[in-house]
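Undergrad: Please build the complete structure, drawing on both the sequences and the hints.
Chains as they are written, first to last, in my numbering: chain A, 13 to 111; chain B, 2 to 91; chain C, 5 to 160.
Treat the hints as calculated values from the structure; they're not laboratory data.
Mixed in with the good hints, there may be bad ones.
Stated by the list, open to error - Sample of chain A residues at the chain B side, in silico, Cβ under 8 angstroms: (1) Ile18; (2) Leu48; (3) Ala61; (4) Leu63.
To be verified - Far from chain C, by Cβ distances over 12 angstroms, these chain A residues were calculated: (5) Met13; (6) Trp15; (7) Leu16; (8) Ala17; (9) Val22; (10) Thr51; (11) Val65; (12) Gly68.
All of these numbers come straight from a predicted model, not from anything done at the bench.
For glycine and all other residues, C-beta sits at the position ideal for the given N, C-alpha and C.
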Amino acid sequence: MTWLAIFLIVLGLFFLVVGSIGMLRLPDVFSRAHALSLTDSLGAILVLAGLAVYEGFNMNFLRILVVLVLIYLLNPVISHATIRAAYRSGLRPTDKESR
Amino acid sequence: MNTFFFVVLTIITVLMLVYFYRVVRGPSVFDRVLGLNGISTKAIVLLVLIGTMFERVDMFVDISTGYALLNLVGALAIAKFLEERGASSK
Amino acid sequence: MRIFAGFALFVLWLVLSASYNILHMATGAVVASMVVWLSPTGAPHVRRFSWLAALMYVPWLIGRILKSGFHVSRLILDPALPIAPELVRHKTKLSSDGELVVLGNSITLTPGTITVEVAPGELIVHALDVASCEELKSGLFDDRVGRLFSVKGDKK
Numbered sequence: 013m014t015w016l017a018i019f020l021i022v023l024g025l026f027f028l029v030v031g032s033i034g035m036l037r038l039p040d041v042f043s044r045a046h047a048l049s050l051t052d053s054l055g056a057i058l059v060l061a062g063l064a065v066y067e068g069f070n071m072n073f074l075r076i077l078v079v080l081v082l083i084y085l086l087n088p089v090i091s092h093a094t095i096r097a098a099y100r101s102g103l104r105p106t107d108k109e110s111r
Numbered sequence: 002m003n004t005f006f007f008v009v010l011t012i013i014t015v016l017m018l019v020y021f022y023r024v025v026r027g028p029s030v031f032d033r034v035l036g037l038n039g040i041s042t043k044a045i046v047l048l049v050l051i052g053t054m055f056e057r058v059d060m061f062v063d064i065s066t067g068y069a070l071l072n073l074v075g076a077l078a079i080a081k082f083l084e085e086r087g088a089s090s091k
Numbered sequence: 005m006r007i008f009a010g011f012a013l014f015v016l017w018l019v020l021s022a023s024y025n026i027l028h029m030a031t032g033a034v035v036a037s038m039v040v041w042l043s044p045t046g047a048p049h050v051r052r053f054s055w056l057a058a059l060m061y062v063p064w065l066i067g068r069i070l071k072s073g074f075h076v077s078r079l080i081l082d083p084a085l086p087i088a089p090e091l092v093r094h095k096t097k098l099s100s101d102g103e104l105v106v107l108g109n110s111i112t113l114t115p116g117t118i119t120v121e122v123a124p125g126e127l128i129v130h131a132l133d134v135a136s137c138e139e140l141k142s143g144l145f146d147d148r149v150g151r152l153f154s155v156k157g158d159k160k
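TA: This is how it looks when you write it as structure tokens:
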């Protein structure tokens, strides 16, 4: 069980690191939001799942599961709201031709 | 296992600094909002991690739940405000 | 339905609360019933969905997120950064609020695609490269979400 937890946490850390690299490398707001969704929906979720598995199947497992479901439901809303605000205030993504 | 958790905690803190760079330097204001978003997601994970380290998950989960909800309200308010005003200033 | 909602809130209280003496549990019951009593009656236009389809949908979505997550990480870690971001107009046959919320949330959760604008019948989606764009255009998401809400005996 502990090894499964370690595996999940390390996999989640990999995605967190890749998301941060993407945050530095990608060119504009719209593509950076993809890096953010990588960290949110994979990195944070996998680390939390690893911690839940490490706690074992008791009350703490359910508690961490509540946080996990909360992130799962709320983070797309936040990143969609931010990106929609960027789109409506006139920013446009750099497309294939201009790169 | 505690050492492993400590290493993970350190790595996540360093990654938060990367996002902080984006908050400080970000060309547009939406980059800053996205950076803050990433920081708060990591803070939620960090709180649960600290709770696991000190074997007080029951207490820290409450804090991180509150943090997630506050982050949602704050981010939506900022996004709505910027949508109305437009991103004229940096 | 309201009793079910109150019971769900009480279970959430029990999960988050760490102490199980009579005082705390009674507080939880009172607070849960107060919230149900104060909230407006009549759920706002929620279509019926099948719980079985929802249980099938979540693992499928997680598998999809993992697959496109590895794809996007390969794009980011590639030294040449071979991305081709573009805005796509995605026509969909789904039009009710519940379907659009689930579809938009799923698209945003999947790395590589983000919902930018939502209107009934049309979504503007930002895709990071051609592969993740093709995946969306194949209409796989629409089918799954449509199946989630197609329940027999639905009045709306």
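Undergrad: Next, verify each hint and record whether it holds.
TA: Do the hints match the structure? See the list:
no.	hint	result
1	Ile18	holds, 7 angstroms
2	Leu48	holds, 5 angstroms
3	Ala61	violated, 11 angstroms
4	Leu63	holds, 5 angstroms
5	Met13	holds, 20 angstroms
6	Trp15	holds, 19 angstroms
7	Leu16	holds, 16 angstroms
8	Ala17	holds, 18 angstroms
9	Val22	holds, 14 angstroms
10	Thr51	violated, 9 angstroms
11	Val65	holds, 15 angstroms
12	Gly68	holds, 16 angstroms
Violated hints, in rising order: 3, 10; the structure is consistent with all others.
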